[in-house]
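**Q** Listed below, chain by chain, are the residues.
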Amino acid sequence: MGVHENTYDSSLGAYLLLLPTLAAIIAFLYYPSLQTLRFSFFQTFLFGQNTRFVGLTNFTDLLGSQVYLTSVGLTMAFAVIVVIGSLAVGLLVAFLLYEVSDGKAAYLIAAIWPYALPTAVAGTVLLFLAHPSVGIYTHYLEAWFGIELDWFTVGWQGFAVVTVAAIWKQVGYNVIFMLAALNNVPESLNEACRLDGIETWRRLVRVYLPLMSPTLVFLVVINTIYAFFGSFALIDLMTQGGPTNATNLMIYQLYRDAFQFNNLGLASAQSVILFVLVAGLTFVQLRVSDRYAHY
Amino acid sequence: MSLDTNDIATDVRERGPLSAIADTQVLPAQWRVHLGLITSVLVMASPLLLAFVMSTQTVPEVYDITDISVGTDGLANYAEVFTRYGMASYMFNSLVMSIVVTVAKIAVSLLAAVALVFYDFRFKNAIFFLILFTLMFPVPVRIVPLYEMMAALGWTNTLLALTGPYVASATAVFLLRQHFMSIPDSLVESAKVDGVGPLRFLWKVLIPMSRGMISGLSVITFIYAWNQYLWPLIVVSDQSKQVVQVGMKYLQSVGNAGQTDWGLIMAGAVLTRLPPLLALIVFRGPLLETFGLSE
Chain D
1 MGVHENTYDS
11 SLGAYLLLLP
21 TLAAIIAFLY
31 YPSLQTLRFS
41 FFQTFLFGQN
51 TRFVGLTNFT
61 DLLGSQVYLT
71 SVGLTMAFAV
81 IVVIGSLAVG
91 LLVAFLLYEV
101 SDGKAAYLIA
111 AIWPYALPTA
121 VAGTVLLFLA
131 HPSVGIYTHY
141 LEAWFGIELD
151 WFTVGWQGFA
161 VVTVAAIWKQ
171 VGYNVIFMLA
181 ALNNVPESLN
191 EACRLDGIET
201 WRRLVRVYLP
211 LMSPTLVFLV
221 VINTIYAFFG
231 SFALIDLMTQ
241 GGPTNATNLM
251 IYQLYRDAFQ
261 FNNLGLASAQ
271 SVILFVLVAG
281 LTFVQLRVSD
291 RYAHY
Chain E
1 MSLDTNDIAT
11 DVRERGPLSA
21 IADTQVLPAQ
31 WRVHLGLITS
41 VLVMASPLLL
51 AFVMSTQTVP
61 EVYDITDISV
71 GTDGLANYAE
81 VFTRYGMASY
91 MFNSLVMSIV
101 VTVAKIAVSL
111 LAAVALVFYD
121 FRFKNAIFFL
131 ILFTLMFPVP
141 VRIVPLYEMM
151 AALGWTNTLL
161 ALTGPYVASA
171 TAVFLLRQHF
181 MSIPDSLVES
191 AKVDGVGPLR
201 FLWKVLIPMS
211 RGMISGLSVI
221 TFIYAWNQYL
231 WPLIVVSDQS
241 KQVVQVGMKY
251 LQSVGNAGQT
261 DWGLIMAGAV
271 LTRLPPLLAL
281 IVFRGPLLET
291 FGLSE
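So the sequences go chain by chain: D and E. At position 286 of the first sequence (counting the first as 1) the number is 286 in full-length UniProt numbering, and the numbers step up by one without a gap. At position 197 of the second sequence (counting the first as 1) the number is 197 in full-length UniProt numbering, and the numbers step up by one without a gap.
Excised from the complex, chain D in its bound form:
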């Protein structure tokens, strides 16, 4: 029950106000999503000119394809590393921001600006700075550690560079939400910890983390969705799925099948798989957190 809901009593008026939103979500969200499901049962050929109902063939083809299964595994690994990495870095920075007493406002803006960083810019800048032959980062890493880096040809290195770029871009967002959660810790609790002389790191792990758990669950869900869907620009600008498919994330494979090979049915089936995976992961994360998080 809403608080003001008897202010106006024309149902028609309410529907009229909702009309633009409803029209937009039906036309651009629900209708195409259902169409995706329908397309996934068809095969397209002759550059999308002809279609034929093939039942579950697209799905069985995908699940029998080594390339696709590798892409699924790769995406899972990518998501786990990006979620853990961006949460860990975000937590560290948020905690430092919470602790500092002088210059808080300046540090805050200096720490959260990557929130406004376009993924395409993150990808382009790191492509150059970490470039195997002209990149300054690569140059110093090679000079200092005496190693040979070439992420244009070595698979795991390409994967590592893309992962670092994805984490970098996501940290600002996590810092904002984590700091908001830290600010909600009651001041009295802080005082108690200080008086008891509890060390800083202990305080973070034992006191703050449990209190932040609702925010952490929210961020795990958001970061997972980001890892699955938001990294396309990085792949497209930095590695194009290579070297030898080492960064061929599911979203990139989907893009290639749909818009380079015109395999619309197969691509739609991949959309359905992505949706089921992300929806399932979100559900599991929420269920697990129900058990452990302190709301």
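Some hints could be false.
Unchecked claim - Result set (SDA-like, lysine to any residue): computed pairs, CA atoms no more than 25 Å apart in a straight line:
| id | chain 1 | residue 1 | chain 2 | residue 2 |
| --- | --- | --- | --- | --- |
| 1 | E | Lys249 | D | Leu87 |
| 2 | E | Lys192 | D | Leu12 |
| 3 | D | Lys104 | D | Leu87 |
| 4 | E | Lys241 | D | Asn6 |
| 5 | E | Lys124 | D | Glu5 |
| 6 | D | Lys104 | E | Val282 |
| 7 | E | Lys124 | D | Pro20 |
| 8 | E | Lys192 | D | Asn6 |
| 9 | E | Lys249 | D | Leu12 |
| 10 | D | Lys104 | E | Lys241 |
Unchecked claim - Covered stretches of chain E, going by a simulated chain D footprint (3 or more residues, C-beta under 8 Å):
| id | stretch |
| --- | --- |
| 11 | 30-43 |
| 12 | 116-125 |
| 13 | 135-143 |
| 14 | 217-227 |
| 15 | 276-290 |
Keep in mind that the hints were calculated from the coordinates and are not lab data. Keep in mind that this is a model prediction, so the values were computed, not measured. The C-beta atom is built at its ideal place from N, Cα and C for all residues, glycine as well.
Since the structure of chain D is already known, use the hints to place chain E on it.
**A** Showing chain E alone in chain D's frame:
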């Protein structure tokens, strides 16, 4: 933290910074926190600082990898990407897209939130759920039918295709609804007694009362729209209609003839990230407040 260090901090503040320098054995209070923050801020900012420096360099200077001094090319790279490589039109197109998405999304969501808070009607909860559930359908989940739809409507390469799919927003409706529900009863009652219609009520009372929330949402939406990459890449094929994120990709291939002109590409990257960064800095107050974090 002991009382002593707090005293020193106050002491320094009262006597001014010079005395602290004179008092060499006294480190500022919390020096570890400051060191940690400065390090992490620098690590996160270094790619963009380097990108800016390199954007002022000539090609030979860029290829002298360890040279990180400001180059002799000045702002020539910027002038060149603007005049010769279409950066001006990419940025203009992005600006139009982002402003249209922002204004349309806020307007449409305001209307929906008024209906959801100030009216009582059948299927209200179902409709609210239907709006929130769209969060499960990011663009990649419906990309193939969405593209087919734009092609069938003849909307490809138009502003309609670039902006239409972004108009409806679960997040904006949700946040505005929360905000309206917190408005005091007395205000709503007086509007009711005066017989003020819903649109007038929205314009005269709700919008002025929600300035902070609306500016926060506008910045979030603007940054989000400006940073879009995948959808414009697919739905716009005419380079003169393209947005700046995909423009980065074109710039990469143009600069790749012979020796890649990375200075030029970095100038493009710096320009591309400027508008969202400015929006973040100028509107950081309302932005952080919308995220539940006030300075």
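**Q** Take the hints in turn and mark each one as holding or not.
**A** Hints versus structure:
no.	hint	verdict
1	E:Lys249 with D:Leu87	violated (29 Å)
2	E:Lys192 with D:Leu12	holds (18 Å)
3	D:Lys104 with D:Leu87	holds (21 Å)
4	E:Lys241 with D:Asn6	violated (47 Å)
5	E:Lys124 with D:Glu5	holds (11 Å)
6	D:Lys104 with E:Val282	holds (17 Å)
7	E:Lys124 with D:Pro20	holds (16 Å)
8	E:Lys192 with D:Asn6	holds (10 Å)
9	E:Lys249 with D:Leu12	violated (48 Å)
10	D:Lys104 with E:Lys241	violated (42 Å)
11	30-43	holds (count 7)
12	116-125	holds (count 8)
13	135-143	holds (count 8)
14	217-227	holds (count 3)
15	276-290	holds (count 7)
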